[in-house]
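Participant: Sequence:
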Amino acid sequence: MSHEIRTPMNAIIGLNNIAMNDSTASDKVKEYLEKTGTSAQHLLGIINDILDMSRIESGRMTIKKEEFSFARSLEQVNTIISGQCRDKGLTYDCHLIGNIDDYYVGDDMKLKQVMINILGNAVKFTPEGGSVQFTIEEGPRYDNKATLKLIISDTGIGMSKEYLPHIFEAFSQEDSSSTNTYGSTGLGMPITKSIVELMNGHIEVESEKGKGTTFTVTVTLGESERKNVDEKEDLLNPHDMSVLVIDDDRIALEHAEIILGQIGIKCDTAESGWEGVDKARIRHGRREDYDLILVDWKMPGMDGIETTRQIRSVVGLETPIIILTSFNWDEIAEDAKEAGVDTFVPKPLFAGSVMDEFREAFRRKNELLERKTADLKGKRVLLAEDVSVNAEIMMMVLSMREMEAELAANGKIAVEMFADHEAGYYDAILMDLRMPVMDGLEATRTIRAMEREDAKRIPIIALTANAFDEDVQRSMQAGLNAHLSKPVEPESLFETLELLINT
Numbered sequence: 006m007s008h009e010i011r012t013p014m015n016a017i018i019g020l021n022n023i024a025m026n027d028s029t030a031s032d033k034v035k036e037y038l039e040k041t042g043t044s045a046q047h048l049l050g051i052i053n054d055i056l057d058m059s060r061i062e063s064g065r066m067t068i069k070k071e072e073f074s075f076a077r078s079l080e081q082v083n084t085i086i087s088g089q090c091r092d093k094g095l096t097y098d099c100h101l102i103g104n105i106d107d108y109y110v111g112d113d114m115k116l117k118q119v120m121i122n123i124l125g126n127a128v129k130f131t132p133e134g135g136s137v138q139f140t141i142e143e144g145p146r147y148d149n150k151a152t153l154k155l156i157i158s159d160t161g162i163g164m165s166k167e168y169l170p171h172i173f174e175a176f177s178q179e180d181s182s183s184t185n186t187y188g189s190t191g192l193g194m195p196i197t198k199s200i201v202e203l204m205n206g207h208i209e210v211e212s213e214k215g216k217g218t219t220f221t222v223t224v225t226l227g228e229s230e231r232k233n234v235d236e237k238e239d240l241l242n243p244h245d246m247s248v249l250v251i252d253d254d255r256i257a258l259e260h261a262e263i264i265l266g267q268i269g270i271k272c273d274t275a276e277s278g279w280e281g282v283d284k285a286r287i288r289h290g291r292r293e294d295y296d297l298i299l300v301d302w303k304m305p306g307m308d309g310i311e312t313t314r315q316i317r318s319v320v321g322l323e324t325p326i327i328i329l330t331s332f333n334w335d336e337i338a339e340d341a342k343e344a345g346v347d348t349f350v351p352k353p354l355f356a357g358s359v360m361d362e363f364r365e366a367f368r369r370k371n372e373l374l375e376r377k378t379a380d381l382k383g384k385r386v387l388l389a390e391d392v393s394v395n396a397e398i399m400m401m402v403l404s405m406r407e408m409e410a411e412l413a414a415n416g417k418i419a420v421e422m423f424a425d426h427e428a429g430y431y432d433a434i435l436m437d438l439r440m441p442v443m444d445g446l447e448a449t450r451t452i453r454a455m456e457r458e459d460a461k462r463i464p465i466i467a468l469t470a471n472a473f474d475e476d477v478q479r480s481m482q483a484g485l486n487a488h489l490s491k492p493v494e495p496e497s498l499f500e501t502l503e504l505l506i507n508t
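Take the sequence shown: its letters are residues 6 to 508, numbered as in this note's numbering.
Some clues are possibly wrong.
To be verified - No more than 25 Å apart at the CA atoms, straight line, and that leaves these computed lysine to any residue pairs for SDA-like:
id, residue 1, residue 2
1, 117, 156
2, 70, 466
3, 129, 51
4, 216, 92
5, 417, 461
6, 303, 320
7, 35, 12
8, 384, 425
9, 384, 397
Quick caveat, the hints were computed from the structure, so don't treat them as lab data.
Working from the sequences, and respecting the hints, build out all of it.
Facilitator: Structure, rendered in structure tokens:
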């Protein structure tokens, strides 16, 4: 049923994306297409919610137990939410309290779904000028398990005491006008509560009409054996480093001291750009420049970019300077680089991300590492897709990066085309899983079983409307390298191809 529901939506969204990139379309047409795309994405969200509820009610939703980077997950969540807050004119802060690990064992996707559902609601129901606060606290540890407390507070419209007992009921709305005003379906909270309970956690809510709402979520995760900082051969000795952290947020400074202390670094702190410049000037005068300077972007009086510019005028180009930000840094990247910023690190800080960026900054300075992205121009891809409109969309997407694509209408034809060409002719295969004659899984197994040198190593990427855990597992077992859900985002496809072809 999932496949049958999603397939027409994939075509609508895919064709709409192609049309939006058509240079011949007028501004008015692009305005219509943008509205069509927004509506289609909203409808797809409703469909996904309904499918999730169906899986929950039938007892088919499960929680994975895999190691994942919590630091990376939180960065992804913060990128989404900070962008939404910026667009709506809200302030957003995320803080870590206690010893939060870089890695845990659990279900990364489900945990992100919980965080985004609650934070997204906070943004949705908070008017312009308000604020959203996300705090993550360390909880008790026992039997190789760790608990995290997620606290999401907003200054939004709030809820009445009469409605609070019903917030986790499906399709529940305090005010029927909410659906029209805020686009809420009433399924997000029931789904969130069910996922939290599957993670051996619980969720509580406090709210006051007209004042705001606070959700408190506790989840249980497994402790990872992987340490926060990779101890592979390194160019750096943390105990010999001197670091300056500049941030007007006292909580953020205290957290930075904790995180850096975990890896043996003692740091100096400054609560303003001017204070930071003064400390850098004093150390430079003693010929004891800091090994690394971390600067918050958004500070009153003098922001992180101007602070960097002032520090560069004192210490020169040798000291790596990294901007800290909770926001998407694309909008400031050009100005920041011109001012002398080496790179960016998302807030809140994790020990692993600090060391990773520290390594990269030093390697760039010493010209020891130059990472090159695989060039996809001219790469040849075999596309196995039976639905003509989906095939047309994928061919056009691949052409955006000047790639060559050859089409197979089903899995059997794809196998024959691969077998008929010499080894290395194709650089990758994009394989739809639901096809007549021979499906994508069987086609992949057949290719992997061939007695030729490229059969085992050619990247084969699944394209499917089914994005459930068991579908991904079946894909991996059949020999596929990656699993992309339709509608495929072009950048996700290109990143996957770059990674697999380059590898």
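Participant: Would you mind marking each hint as holding or not holding in the structure?
Facilitator: Going down the list of hints, with the structure as the test:
| no. | hint | result |
| --- | --- | --- |
| 1 | 117 / 156 | 14 Å, holds |
| 2 | 70 / 466 | 24 Å, holds |
| 3 | 129 / 51 | 16 Å, holds |
| 4 | 216 / 92 | 22 Å, holds |
| 5 | 417 / 461 | 18 Å, holds |
| 6 | 303 / 320 | 22 Å, holds |
| 7 | 35 / 12 | 24 Å, holds |
| 8 | 384 / 425 | 18 Å, holds |
| 9 | 384 / 397 | 18 Å, holds |
Taken one by one, the earlier hints all hold for this structure without exception.
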